[in-house]
Amino acid sequence: MTDSPQEEGLVLNGLTKILGGRVIIDNLHLVVKKGEMVSLLGPSGCGKTTTLRMIAGFLIPDKGDIVLNGKDVTTIGPEKRPSAMVFQNYALWPHMTVFGNVAYPLKVRKLAKPEIEKRVHEALAMVNLMHHKDSRPGQISGGEQQRVALARALVQEPDILLLDEPLSNLDAKLRVKVREDIRDLQRRLGITTVIVTHDQDEALSISDRIAVMNNGKIEQFSTPQELYDRPETEYVANFIGSLNHIQGGFADGQVISGTEVVGIRPEDVHFSTEQVPGSYPATVQLVVPRGHFCEVYLKRADVELHAFISLDVPLAGTSGFVKINKALIYKDGKLVRVA
Amino acid sequence: MAKREKSRAKSSSPVVKALLGIFMLAMAFFILGPLLWLAIHAFVTNWTYPNLYPDGWTWHWWTQIFANSALEESIRNSLIISPIVVVLSMIICLPAAYAAGRMNYVGRKTFLIGLFAANSFPKIGLFASIATLYYALNLMGTIVGVIIIQLLGTIIYMTWIPAAAFASVPRNLEEAARDAGASKFRVFRTITLRMAMPGILVAIVMSFLASFDEAQGTYLVGAPAIYTMPTEMYALVENYPIQIAAVFSLLLAFPSVLLIGLARKHIVGGQLAEGFQIK
Amino acid sequence: MTSTKTDVVAEGLGAAKAPRLSVVGFLMALPPLLLVLFFVGLPVLIAFTFSLGFTTGPNRVLSMIGQEIHKKDQWWGTFSAYKDVIHDPRFAGDMRTTLAITFISTTLVLLMALGIGIYQRMIGGRLASVMTALTLVPLFVPVVIAAWAIHTFYAGDGFMRSFFSQFGIEFPTVTSTVSAIAIGTIWTSLPFAILMVTSGLQSIPDALIETAQDAGAGFIRIIRTVLIPLAITPIVIAGTFTAIGILGSFTIPLFLGPNQPTMLGVEISNFFGAYNRPQQSIVMAFIVFASASGIALIYIWANVRSAKQSGRI
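Protein chains in written order, with this note's numbering: chain Y, 230 to 568; chain E, 1219 to 1497; chain V, 596 to 908.
If you are wondering where the hints come from, they were derived from the structure by calculation, not from laboratory data. Be a bit skeptical, because a hint or two may be false.
Claimed, not checked - Cut-off 30 Å, straight-line C-alpha distance, at most; resulting in silico cross-link-like pairs (DSS-like, lysine-lysine): (1) 678(V) <-> 666(V); (2) 309(Y) <-> 292(Y); (3) 309(Y) <-> 1235(E); (4) 262(Y) <-> 446(Y); (5) 1235(E) <-> 292(Y); (6) 362(Y) <-> 406(Y).
What the hints assert, rightly or not - Some residues of chain Y that are not near chain V, with every Cβ distance over 12 Å (derived): (7) 416; (8) 543; (9) 555; (10) 564.
Where a beta carbon is used, it is the ideal one built from N, C-alpha and C, also for glycine.
Could you put together the complete structure from these sequences and hints?
Quick look at the structure:
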């Protein structure tokens, strides 16, 4: 990365955290650009929430530094740190109104009343919640609560916005809408944002870049497209999208015996009734409808594959030809080549 | 999320730590001091003011207690009456607690608040008032009379705490058991009762202590025919040296200390506190 | 403390009751209700008529034995016994003492409970657990013993005076003063208040506190704006229970207090037994009961408020 220092919003440098004798975060490095939206993606227990809590200041790293907009904040407590966090359950105070919740950070900062009023109104308008200003958190829906939490974070005008699984408590339809809203707002305000999630769809659709985490380490940090096209490790390839996972080697569009691992995306498996260069005879064994596409199980002489096909779906039992458009070859878990 | 570490950014300063330490010591002294002071007296011959050490050590007072038939009888009375009270209380109150926790009937809230109101009438006033009724029913100076008096003090614990415990058993756990083919009674026995057990256990302990420690009512109703350990204490304090009262206190505290081990976890775990909020 | 955390929001949902009325439920609730009605309600009612000067029927025996009995002069009775009590200078002193002790002890108990509860909630650790366990000790000590132990500890030849005399300091004899009653009532009331307050504070989700920290709030502000408002219901319940318990206390003032003025609990007993003025004794009991009812209203208000807040009503 050749960015000038001013461009770096957040730098995590050799972060290490040991909790209860277990290394939760292991020498973690991450550079987030100013105004960038970055996801920490991984299964539960991979350390992504711990990392977020260290960025917020709720945990102090055992080793390493956290630099925010060029300023070392490693040991600054959460109340002094220019970060704002939205918690998984929104953590709205039930005894305060929506207005009271959003105004709280400003009252803490001892701003003048009219100023508080003005900024809270702006923040509530931003998330379209002016009409619920005097409601209690218990009286509004989950999606609205989520927006209140967001407004409460944004009203602080933080240097960095931290979101901990912000969508996991919303139903599927709402989730898509809210994540677009968040993305929209983040772009508009140009605020550096780190979002923790275990949902790859969410990460892929919302982030500028994604850090895939595993066992307290970052496996790969790239754009969603790159992550999908060129997963650097077998772990990432498995975690992002679907994968045909085959022990062996790969040559001339065919799987051969070998000691490597061949990963083939179901989208890269092409079925056709006509033979083209690089395709080999195969039969359709099973077709499972998956909504807007079908998952098709194919048997070839060298390998059994599943493929995602959305047009001209063949029937089970059909014979045809299968071509593998792309294969990822891993040795000891690391990507060695793309064929 | 299993990670719940409270390492706050601001580590408390030595001054704060010192203040906390002093506060701790003061609390420990305030609570334990009198108990220890009294307990030591059970083993001393005499203690001359203002010495910090007693004049000598002895087991003498202990042998005296067990030689005194009146004291012995009060111990026996206590050990017989309190378990009876607890069992009766369970029989009378637990169904009501279940109903208050799980069913909705007219006056459910009135029931809980009514029991609470009855409990907030000053005990000593009640005992004075109850004399009339007791004379009419010939209950003065009888074991039954004492049992009823002590029973009244246990009702609030035996209804409120189990009611909250029953209420907090998730219904879908029962439904899952019904779905698995268990009969209604079996579900109650293996799921509902089992899950409410910590609350019931706390109620039993609290009721036992309430009964075992009850002194005012037992004295008014039972004396001079029936003395229990706490009422005997009244007499002891007046008529015997402090050492005898100390020995007796240790004996009286013994069952309570035993019960700490039994129920401490649940009492601290919030069962008691849960029980005192009307839901 | 390994208590399961109840989420404030989840609690409200879980407590929702199926809206069906049950006859069986009512029948199951009857036994304790009848017991209380018969052995508390009935005597209290009879006593109330007695206090108003109804001296016949069940009150006949007591009226014959007792002294200074007022008989009713109106169809509804008479207030003479109440006037007696209110104009009795002893009563005025006792009432003041009772209310003052109730107020001071309850306040101190709540402050101690809040201190320990907040310490455990915000800082935690082994020390806090040990501390909480320690404060539970009085729960398991019979009141009679507690009273007697405190009596000897602060007595003229007790530990406090012995200890301070080693350094030539004359420590006052606390036993048989009003202060000793306060010490005793605080001692016995601590565990319940601490259990209520601690469990209330513990059930506040971490996230609600952390958000406030994240918003820039300091320690004191978090206590003031988040912890106490969220735990106000258990705090009020702890306060009312403590106050009602202290208001009617008997053994503690009997063992620890002075002869005059003392708390009404002791005076009720004195008037009933030693002075043989049962009617006045009953009147005092009703005055204490009236005060307790006032406090109980606060308790009920707190419960209703918490039910409203979590959406149960």
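We went through each hint and held it up to the structure:
1. 678(V) <-> 666(V): It holds: about 13 Å lies between the C-alpha atoms, which stays within 30 Å.
2. 309(Y) <-> 292(Y): With Cα atoms ~20 Å apart, residue 309(Y) and residue 292(Y) stay inside 30 Å; holds.
3. 309(Y) <-> 1235(E): holds, 23 Å
4. 262(Y) <-> 446(Y): Holds, because 20 Å separates the two Cα atoms, which is no more than 30 Å.
5. 1235(E) <-> 292(Y): holds, 26 Å
6. 362(Y) <-> 406(Y): holds, 22 Å
7. 416: Label holds. Min Cβ-Cβ 23 Å, cutoff 12 Å.
8. 543: Label holds. Min Cβ-Cβ 49 Å, cutoff 12 Å.
9. 555: holds, 44 Å
10. 564: Since the minimum Cβ distance to chain V is about 39 Å, residue 564(Y) lies beyond 12 Å and the statement holds.
Going down the numbered hints, you'll see the structure goes against none, and every one checks out.
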